[in-house]
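Colleague: Letter by letter, the chains look like this.
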Amino acid sequence: MEFIQSILANELIVAIILSLLPLFFIIIYALIVLYTEMKVAAHIQDRVAYMRTGWHGVLQPIADMVKLLQKEDIIPAHADKLLFRMAPFIAFIGTYAAYAVLPFSSIYIGSNINVGVFFLVAMGSLVVIGILMAGWASNNKWSLFGGVRSAAQMVSYEIPTALAIIIVVMITGSLNLQEITKFQEGGIGHWIVFGGPLPWNQKLILMPFTFITFLIVFVASIAEVNRTPFDLPEAESELVQGFNTEYSGMRFAMFYLSEYANLFTVSAVVVALFLGGWSSPFGTLMSGPVWGIFWFVLKAYLFVFIQIWIRWTLPRLRVDQLMYVSWKVLTPWLFVCLLAVGFILVN
Amino acid sequence: MQDTSMLQPPTLPTNYTVKHGHIRTSTGKTVRTEEMIINMGPQHPSTHGVLRLEIVVDGEIIVECIPHIGYLHRCFEKHCEHMTNYQQVIPYVDRMDYCSAMTNEWAFALAVERLLKIEVPERVEYIRVIMAELQRIASHLIAVGTYGIDSGAFTPFLYTFIDREKILDLFEMTCGARLLYNYIWIGGLSHDLPPKFIEQAKDFISYFRPRIKMLNDLLSYNEIFVKRTANVGVLPKDVAINYAVSGPQLRGSGVNWDLRRDDPYSVYHKLNWEPQIGKGEMGTVGDCWDRHIVRMREMEQSLNLVEQALSTLPEGNIQAAIPKRIRPEKDAEIYVRSESSRGELGFYIISDGTASPYRVKARGPAFVNLSVLPEIAKGAMIADLVLIAGSIDIVLGEVDR
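Each protein sequence line maps, in turn, to chains E and L. FYI, the numbering for the first sequence is 843 to 1189, going by this note's numbering. FYI, the numbering for the second sequence is 188 to 588, going by this note's numbering.
Everything labelled a hint here was simulated from the structure, so no lab data went into it. By construction, the Cβ of each residue, glycine as well, lies at the ideal position given by its N, Cα and C atoms. Careful: at least some of the hints might be erroneous.
[What the hints assert, rightly or not] Beta-carbon label-pair distances, calculated as ranges:
1. E/861 to L/566: 50 to 60 Å
2. E/1152 to L/390: 31 to 41 Å
3. L/501 to E/1152: 48 to 58 Å
4. E/1178 to L/366: 54 to 64 Å
5. L/246 to E/914: 32 to 42 Å
[Unchecked claim] In silico DSBU-like pairs for lysine-lysine, Cα to Cα no more than 35 Å straight-line:
6. L/400 to L/389
7. L/400 to E/881
8. L/511 to L/304
9. L/265 to L/383
10. L/414 to E/983
11. L/383 to E/923
12. L/424 to L/457
13. E/983 to L/565
14. L/466 to E/1170
15. E/881 to L/353
16. L/511 to E/1170
17. L/414 to L/353
18. L/353 to L/400
19. L/457 to L/548
20. L/517 to L/548
21. L/424 to L/517
22. E/1170 to L/216
23. L/414 to L/424
24. E/881 to L/265
25. E/1170 to L/414
26. L/304 to L/389
27. L/400 to L/466
28. L/457 to L/304
29. L/457 to E/983
30. L/548 to L/353
31. E/881 to L/414
32. L/265 to L/304
33. L/565 to E/1170
34. L/304 to L/466
35. E/983 to E/881
Using the sequences provided together with the hints, build the complete structure.
Modeller: The following block contains the structure:
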């Protein structure tokens, strides 16, 4: 950060460059994860996926993207044109803004603000508005169902996520993601999922609760990005394609991009909160700013992989069961964890 | 005057008025609510073809569900009357229930054979049992696989298609066709079994047994899948009987009725097997899970049947002595039913003494089974409707004919 600032003395240019970096990251990452998803899905299903475009089809995501760019941008008759056009971008803005506070490395974070975690939760809600808008503006009853389901689902699952974040904040004493990560530096044993860098006696009692919190926040994060088994907003066998049924071409691609970018965001949040973010699992070994990016992306990518794995294995829940899981299972358990962690920390 | 009401296209539910309601929000405002009419299909991923469901929903809950059919109507029965002989009907029968063509052929051949009082050689009977049971497995594999998609799990579908592919390979080596076989002919078969068939069929049996267990682990006993299907779309015994439901759907409701045993034809009575019925293990008897598991268990029974038939396959001719031109007596008529993969498939044939049938009426199981959908879909959610329709296992080729 300081390095770029030293070459280009203009603050505005630096700000623009810094804000464009995540965009490049998202696009490259989206291509990679698209490829990964197709290949992982294919191998889970005993097939090989695309093999023709390039070596083992590595160029296929690019071909897909070019194809989507060429497609006609269809707006259905009687659709609310303004909202319809805006929706994909609002969804993407929400996703993209979240990247501002992701601590990629000890020296690189888009914006090192004090309320980073809070900002993340807030930006996550913006995606809902985009999806709801898309569902409403499409003038399609199936899309409307998708949009409404999505709103209900994301609102419900933000509560477990927020509660889990409160637990982490209680342990670390900071809302700043960089601080939270620094708190966990020093090897795998210092990660919050294993109780954090606390004295052994405290840590051992804390560990089960933080571990449960970690599992719950992971489940909730899958629900927040609308993926199987919580992919009700775009349940293709029920709602055709849900909120993005009527979208085509680049606007559809924006939703796609936003979904994949979101996938990384929620994984990154889980990693930053519970698995030490950019800190190396081996303490000082292989640590440093560059290794930091490596560890952060690797850990987040592992969770992306697990989400893909789950997606291609499990069936889907029903709307009422989805709500049941959030309100009657995850939230009460988190309250238990919250009380327990508070009690342990005070004593 | 001609009654034209039959010619009208399907319309909205007769005199259905959308119900209104009012709810009070937390801010004290009164908001008007309204039921919504949604069109599901004919282009919808989970209506299994071109079924169109007109549903009235209150939020996500279904108030009314009206199936509209006929998008795949190909005048099967009329075509039959214009064939120059009975044999020519068989390729058309294939195209009724295209997922289970062998059992259709057999049902029609059986009807004509009974009409002409033809005795079929025993080898033919055994080969027919082998083919029909393999076809039943293939058909149930589609049912189970697409049911996985309906519930949101995509992977089981591809697994079932790998297995189905192996059955189709067996069919292909026997008669050259993979979907519409024209294999079972009146009084016999089009080809004898090829030399390597028995060996490969036995390989398939030993390969497929563990796969059933794997499919059960992956899908049937999956916690989410059980939660989704148990106690959903319950079809009680009496309703099932009143609607003349048959096949796995009837057995799923706990009625022990299988035409292979209760109206015996061919050599089924010589083989050792057991019809499977739903017991309500995960919820109520007759729920979607029961119908699903009945299909899974029937596949095992079919494997047993194929295994026994393969080991006792007698030598002999593959064609009974039948007249070159089949002309049943004038005014002869017959209704013969058999157990297809979906239930009771019956053919009612009237002859006018010529070489082509005067009238052929098919009693399709999928058509009759579908009629129960509006009854059991009421009060379910949209996601459940997809699962209920999937558990009925309709093939629109047969519903519309």
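Colleague: Are the hints correct? Go through all of them and say.
Modeller: Results for each hint:
1. E/861 to L/566: 50 to 60 Å: holds, 52 Å
2. E/1152 to L/390: 31 to 41 Å: 34 Å Cβ-Cβ, so the 31 to 41 Å window holds.
3. L/501 to E/1152: 48 to 58 Å: The hint (48 to 58 Å, Cβ to Cβ) holds, given that residue 501 of chain L and residue 1152 of chain E are roughly 52 Å apart.
4. E/1178 to L/366: 54 to 64 Å: holds, 56 Å
5. L/246 to E/914: 32 to 42 Å: Given range 32 to 42 Å: holds, Cβ gap about 34 Å.
6. L/400 to L/389: Status holds; Cα separation ~18 Å.
7. L/400 to E/881: Holds, because 26 Å separates the two Cα atoms, which is no more than 35 Å.
8. L/511 to L/304: holds, 15 Å
9. L/265 to L/383: It is violated: about 40 Å lies between the C-alpha atoms, which goes past 35 Å.
10. L/414 to E/983: OK: residue 414 of chain L and residue 983 of chain E at ~27 Å, within 35 Å.
11. L/383 to E/923: It is violated: about 64 Å lies between the C-alpha atoms, which goes past 35 Å.
12. L/424 to L/457: Answer holds: residue 424 of chain L to residue 457 of chain L is near 29 Å, not above 35 Å.
13. E/983 to L/565: holds, 20 Å
14. L/466 to E/1170: holds, 30 Å
15. E/881 to L/353: Distance of about 24 Å is within 35 Å: holds.
16. L/511 to E/1170: Roughly 73 Å between the alpha carbons, so the hint for residue 511 of chain L and residue 1170 of chain E is violated.
17. L/414 to L/353: Judged against 35 Å, a Cα distance of about 32 Å means the pair holds.
18. L/353 to L/400: Status holds; Cα separation ~17 Å.
19. L/457 to L/548: holds, 30 Å
20. L/517 to L/548: Within the cut-off at roughly 17 Å; holds.
21. L/424 to L/517: Between residue 424 of chain L and residue 517 of chain L the Cα gap is close to 41 Å, so the pair fails against 35 Å, i.e. violated.
22. E/1170 to L/216: Satisfied, since the Cα-Cα distance of roughly 29 Å is no more than 35 Å.
23. L/414 to L/424: holds, 22 Å
24. E/881 to L/265: violated, 49 Å
25. E/1170 to L/414: Within the cut-off at roughly 16 Å; holds.
26. L/304 to L/389: Holds, at about 34 Å.
27. L/400 to L/466: holds, 19 Å
28. L/457 to L/304: Within the cut-off at roughly 21 Å; holds.
29. L/457 to E/983: Roughly 55 Å between the alpha carbons, so the hint for residue 457 of chain L and residue 983 of chain E is violated.
30. L/548 to L/353: The given pair, whose Cα atoms are some 33 Å apart, holds under the 35 Å limit.
31. E/881 to L/414: Answer holds: residue 881 of chain E to residue 414 of chain L is near 30 Å, not above 35 Å.
32. L/265 to L/304: holds, 25 Å
33. L/565 to E/1170: Answer holds: residue 565 of chain L to residue 1170 of chain E is near 27 Å, not above 35 Å.
34. L/304 to L/466: violated, 40 Å
35. E/983 to E/881: Holds: residue 983 of chain E and residue 881 of chain E sit about 33 Å apart, inside 35 Å.
When each numbered hint is compared with the structure, violations occur for hints 9, 11, 16, 21, 24, 29 and 34.
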